[in-house]
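**Q** Start from chain F and add chains L, C and Y according to the hints.
Chains as they are written, first to last, in this note's numbering: chain F, 38 to 263; chain L, 38 to 263; chain C, 108 to 332; chain Y, 108 to 332.
Possibly wrong hints are sitting among the right ones.
List time: in silico DSS-like cross-link candidates among lysine-lysine, alpha-carbon distance up to 30 Å [stated by the list, open to error]:
1) L:K203 - L:K108
2) C:K122 - C:K223
3) F:K116 - C:K236
4) Y:K236 - L:K86
5) F:K108 - C:K236
FYI, nobody ran anything at the bench for these hints, they're computed from the structure.
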Amino acid sequence: MEASKNMIGNGKIRSVDEAILLIKDGSRIMVGGFGLAGNPDCLIDALTKSSVRDLTIISNDLGAPNTGLGKLLTNGQVKSLIGNYYNWNPEVAKAYNEGVIDVKLLPQGTFVEAIRAAGVGIPAFYTPASVGTELSKNKEIRSFNGRDYVLEEAVHADVALIKAYKADALGNLIYYKTARNFNPVMAMAADLVIAEVDEIVAPGDLDPECIITPHLFVDVIVKGGK
Amino acid sequence: MEASKNMIGNGKIRSVDEAILLIKDGSRIMVGGFGLAGNPDCLIDALTKSSVRDLTIISNDLGAPNTGLGKLLTNGQVKSLIGNYYNWNPEVAKAYNEGVIDVKLLPQGTFVEAIRAAGVGIPAFYTPASVGTELSKNKEIRSFNGRDYVLEEAVHADVALIKAYKADALGNLIYYKTARNFNPVMAMAADLVIAEVDEIVAPGDLDPECIITPHLFVDVIVKGGK
Amino acid sequence: MNIIPEAEAKIRIAKRIARKFSESSKKIIINLGVGIPTMVADYIEGGNVCVQAENGMLGVGPVAPEGMADRQLINAGRQPVTETRGCCYFDSSISFGMIRGGHIDATVIGAFEVSKTGDIANWVIPNGKQLGVGGAMDLVSGAKEVIVAMTHTTKDGKPKLVKNCSLPVTGIGEADMVVTELAVFCFEDGEMVLKEIAPEASLDLIRSLTEAEFKVDANLKTMEV
Amino acid sequence: MNIIPEAEAKIRIAKRIARKFSESSKKIIINLGVGIPTMVADYIEGGNVCVQAENGMLGVGPVAPEGMADRQLINAGRQPVTETRGCCYFDSSISFGMIRGGHIDATVIGAFEVSKTGDIANWVIPNGKQLGVGGAMDLVSGAKEVIVAMTHTTKDGKPKLVKNCSLPVTGIGEADMVVTELAVFCFEDGEMVLKEIAPEASLDLIRSLTEAEFKVDANLKTMEV
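The shape of chain F in the complex, shown without the other chains (with noise of 0.2 Å):
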């Protein structure tokens, strides 16, 4: 990697192959999207083709089967996840069934809002999504002014694969429509941040007063095939 190191900006510009060796058996992987918008395609794919395995995979779905993130469940590389809906993929609630994969599922809402609580450290909150339901069983039920509210833990990650569209070579990011959905949030909430996008442009080429994600929390940037 040291042929970027001499790249503009702080050097946070690598391929999606040296990208992907950054990441280790067992990790813990935010990976950004809702159904096919803001997927990180690249880094999925590369992740795919790549002997990684016995990870647990945090993201709102999972594809579909050997689509995209379902490849992961597909070529066994999946221990266990953590996320929302995974009814377009058939095969997730198939390999749970058999004892294969570990799943644990939040409601929307609380999934994002536990990924933003660990960008921001906080370590739990409360919130009314899910009381009196399965999801909230052997969970913390509190009453504040009246209402039940369940606890929910912050959930982390060792690595986030996001997408956006536009970085600049600090790492400063935009977004494009609905693809913005999870991935400013999972960009907060990870030990090492991967942001695959479309176009990397200059320091001072957007606008300040419309950053999505400042590039501290960014810290590799890869471009996409798109």
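**A** Chains L, C and Y in isolation, oriented as in the chain F frame:
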């Protein structure tokens, strides 16, 4: 206020005086700004000229004696304060010591997170700030992963007076440099949100990717003096 | 048992809910779930209704016309949609902040069952084939008004308005209104009240197809279809 | 007792801390408190240091030149500042998210007292004249490294490095480094260790002006001034 109903958008636009009439005695009022940046000056000025009293003011600071928000205290309109830094206005400590007003101090990060919490329906959260200090006395301390945290409850208001740079007629807001500070967060956390802006533009004139406060948070728009 | 064919029933339900929104005299923000709820948008009239999608958009426009779809501009049902003037984008934490924080005036959701006290079961049928919850639990607990859009009975004629939910619930006592092809119910002080009845239906028919006890509003109306 | 005049002492402290940052081989994000900490920015060299201000800015530039001040562009000490290329703005909740979430590499703060176990007292002298805490409690608990910049003694020569803080604390065991005009201390395994000593000072002098017990590093250096 009939006249404004025929204005563009959904009729959120009011005069400063009309807006201030919506505020009642005894209200809990959030006010944006940090030092002299990002204060809703015209709204503050009108509030100090009104007869509204027994107010709880939720703000970072309280201006200076007889200046800005400080005028509310000089005028005797304040019942209590929830905030963070009153060193710039020695009248606050004096009034507190004399038992004229009640003051609840929160660390700045806790203060803003508690406001956000109210805005996003989180009744309480844990934070490491203030553990072991006077400010966490009589608050619940709890350990997560071996570290102590203090439980802080959401801070909600009846009214928020905020300052933005531009609004579109729907109420979408953008800000200007460090005048942003507490304003977007307070915009989420009050029953009635009044935004003072330098300019009102037509819907569609603000870039959808760069809108900081979506219009659903804003109830009333006033054009500031400037 | 199916008095109204399913496709027609769905349209009727969507239209009835759309009318409620179209009649609003003030600006309202709504969130639409997958299925019948999505169809509601097609029938809303007037300019006072603004649609939020929990994947991060306010001011969602109609579904994108053929050939104009942008894979990166979708609603929460993964349909390609369009922009409206004054729309904006935000991340999922802000989106659910809007929902949980009570900033959404109404959410329309589908359901498998609704109980007589307003419990809603809509996220899973425990047959091991599905694993997913979505934003439904956040929506039913956070939106100011929860409107359930569902056919009155299952395909084999079993009541969906039940004494107690037999399926895992999404929220307890969260339903405010239920619209079926045969009736409109509201929850008032924890009790289910029949407000409207379809022209084809008699009160006896509604009773026979509804397991949950309900009151009949003194001002019972015929549902406009 | 004041071996170094106060103004000169402050510059020396600021320069020493600035040198630490200037020597960083990787990009670092720092937050500077009011007083001596703010002066640190004036002496930082090289392009690896990026300043965050907790009122909502990353990439804070130098103080605005006379006549160029913008009241709406200030740092947390309310000084008008300038932009740097690639700077950005955000609201206070994100700003303190950066701080609390461990995304700030170092914070430099002033203090009234630091105890031998790294407790810091810097927010209030209980005389009833001040009521304010600022962001100090969030900063000392959240930043990866907490560097205290303070004169070695009070104006009347009393030690500020004490056995136990007599003033209300800002955080418990949070100090990582203390830089005075006479010495540099680091906290290692909960113990205060003297790392550098000013050219004018002897170890005896430091001991006489320091109430807190401290170890002397085997590799004790002379402070570059």
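**Q** Run through the hints listed earlier and report the numbers of any the structure violates, in increasing order.
**A** The structure breaks none of the hints.
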